Amino acid sequence: MTPVTFRERSTRELGTEKVVNIGKATRRKTRDRISASAAYPPMESMRDRAREIRLHTLANLSDYLAQFADSVERAGGHVYFAADADEANRYVSQVAADRGVRSVVKSKSMVTEEIELNHHLESHGLDVVETDLGEFIVQISGDRPVHIISPVMHKDRYEVAELFADVLDMDYSNDPVDLNAAARQHLRSIFLGADMGISGVNFGVADTGTISTVTNEGNARLTTTAPRIHVAIMGMERLVPNAGDLTVMLEVLARSGTGQALTVYTNLITGPRAYDEQDGPDELHVVILDNGRSEALASSSAEILACIRCGACLNVCPVFREAGGHAYGSVYPGPIGAVLTPALFGHDEWGDLPFASSLCGACKDACPIRIDIPSLLLEQRTESMSKGGGDFAWLGPGLAAYRRIATNPVLWRGFLVAGGVFGKATGEWITRLPFQAGNWTTTRDLPAPADQSFHSWWKEHRG
Amino acid sequence: MERSDFLARVETAQASAILPDHPPDDPGQWVPELPEVDLVTRFIEMAEKMAAEIHTVPVDDVISEVIDRYAIDNYISWDADRIDGLDELPDGPRRIHTETPRGVDGRAEHNAAYMDCQLGITGAEAAFAETGTIVVRSGPGQPRMASLVPLVHVAVLPRERIFRSASHWAADPSARMAEGSNVVFITGPSKTADIESIVTLGVHGPKHLHIVIV
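Residue numbers (the working numbering), protein chains in the order written: chain B, 123 to 585; chain H, 193 to 406.
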């Protein structure tokens, strides 16, 4: 079991200014998503189509992966298949060592967070700089991203202002325009001098070997243009069959993720710079990563791999809004993370995450791919319990005991008396049950029983 | 891991995957049903909403105006013959060279010239009316940097190249999405909302986007 549980982490976060900021930002993003969808009549049929594309691709993934790898190589790129984080990291540091790379720029990529690539490269003596404004703030403050799309939605401008005044060469200002200008200036020279650029991949196109990255800032474009080597790291599930499928996915992603009609820059890369082109990288390496994905694909939660990382489910989730992304302890927080994290990295460490949900279903409504996240959370809970249950190990025996008591009138009356004596009620709610039953009331209240039991009422009125 | 081992592992996994109602065949080209509109009008409306500035006067006039307005003294450009409606490149400001050295040496020195680049002039080979997006392709005489590093980007778009949406363009034989090592869809100037969801323009890419429809 994880040494730190969701319960412990979330207890630290609840009620802090940090999660108040997250609550505000997620509500705004949800409003933007809903109005962007409402403004576009084909949105609902486009979501259906996006779901078909993703499920079809997953069901035939090995064929599409082979086709994609062939296409990348035909376009002049190198392809490396990495079974796990370690293989992926070692491949990248080896490429860097072989080619005399000293400085690396990165555009925002969750998969590189997943494999902790920065840490690995830094331990090999390389300078690694994050260039997405949010990720840059995360990096220089020694923090972790709190959201898969908006990594610093928990920080306010005052915190960023103090950080920049401290780290960058600028006078104190808390105006986002000034902060942005200072970051642009600072990062520009780093971009232009870097030897290697590392990006993620939003979608790979199987029949052409094209990789797409979407950013509003342009950091993925600079990362894949200025340095002489471009390395793209892609989770193996992130393919679509062809260009027509890609445009459907891009429109769905932008409207769901940020409420934009389309992200500012959709960057499509097919191979390295051609012999007659004036700029672009000399070399392109595409690392295709498994790292638990084939286990997830073989499991009852395979559908989770259809996720396109838009973040819409995080923004609507009542648990995410109150506890924030750090409470999950994983790079993938929120409803999607509560399924994906144990599915990829195992239940020993992450088995309590699927319980961090009220199963309200808001995530399923918001998901552009209509992934049945609540059902997958239940699948993952079953899996957790079958592996011992960890932080929830009490739940199985607890419910068995409850069943025995609740189906026996004598025991039940005794239970109610004990509850009255040893428990604690506030108005109409029982806020604490005694003994082992207290596990149930740590995170929820129970309605207090009526003064007169149905049993005795029945006797009086019917008897 | 060897490619064959990797793919074999995936093949075994997908055989037992539970994927509700997945279609056996690629669902194929899909184009959204949208109401008929005048493409130019719709494009202008949406692009302006995305904070781009639209011009319908001759390209040379727009470039002169931009040079005055932003006090431009250097620029990057596509070759003039790659841009529809452009007679010649401006002769006042200095043109930054884009032929980037290959290999280990010289690249950083070359790139340093982009540091304070002010203006970029490019063509645009297509546009999407529904999102106010332009499509810019790299190729010989069409460097990527021209639409990326300057503070101001002027793009020249032939009006007959405006499509209804990204999917309409992708369905057209002219799209050739994988031709040229880089194709980029540009929807408004570079921006971020990372700090308190407040939108600020010009992060790594241009702060001002001017589209000239010819």
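Because the hints were derived from the structure by calculation, they are not lab data. Here the structure is a predicted model, which means the values were calculated and not measured. The reader is advised that the hints may include incorrect statements.
[To be verified] Residues from chain B that face chain H, not an exhaustive set, calculated with beta carbons under 7 Å:
#1 D278
#2 Y280
#3 V289
#4 L290
#5 S295
#6 N338
#7 L344
#8 A383
#9 N389
#10 D404
C-beta: ideal position from N, C-alpha, C; glycine also.
Here's how the hints hold up against the structure:
For the restraint placing D278/B at the interface with chain H, the shortest Cβ-Cβ distance is roughly 6 Å, inside the 7 Å limit, so the hint holds. Interface restraint check for Y280/B: the shortest CB-CB distance to chain H comes to about 10 Å, outside 7 Å, so the restraint is violated. Below 7 Å, beta-carbon pairs count as interface contacts, and V289/B has none with chain H, the closest being about 15 Å; its hint is therefore violated. Because the closest C-beta pair between L290/B and chain H is about 14 Å apart, greater than 7 Å, the hint is violated.
The interface hint given for S295/B is violated, since its Cβ lies 12 Å from the closest Cβ of chain H, which is over the 7 Å cut-off. Given the 7 Å rule on beta carbons, the hint for N338/B holds: about 5 Å separates it from the nearest Cβ of chain H. Using the Cβ-Cβ criterion of 7 Å, the hint placing L344/B at the interface with chain H is satisfied: the shortest such distance is roughly 5 Å. The interface hint given for A383/B holds, since its Cβ lies 4 Å from the closest Cβ of chain H, which is under the 7 Å cut-off.
The interface hint given for N389/B holds, since its Cβ lies 5 Å from the closest Cβ of chain H, which is under the 7 Å cut-off. This hint holds: D404/B has a C-beta 5 Å from the nearest C-beta of chain H, less than the 7 Å allowed.
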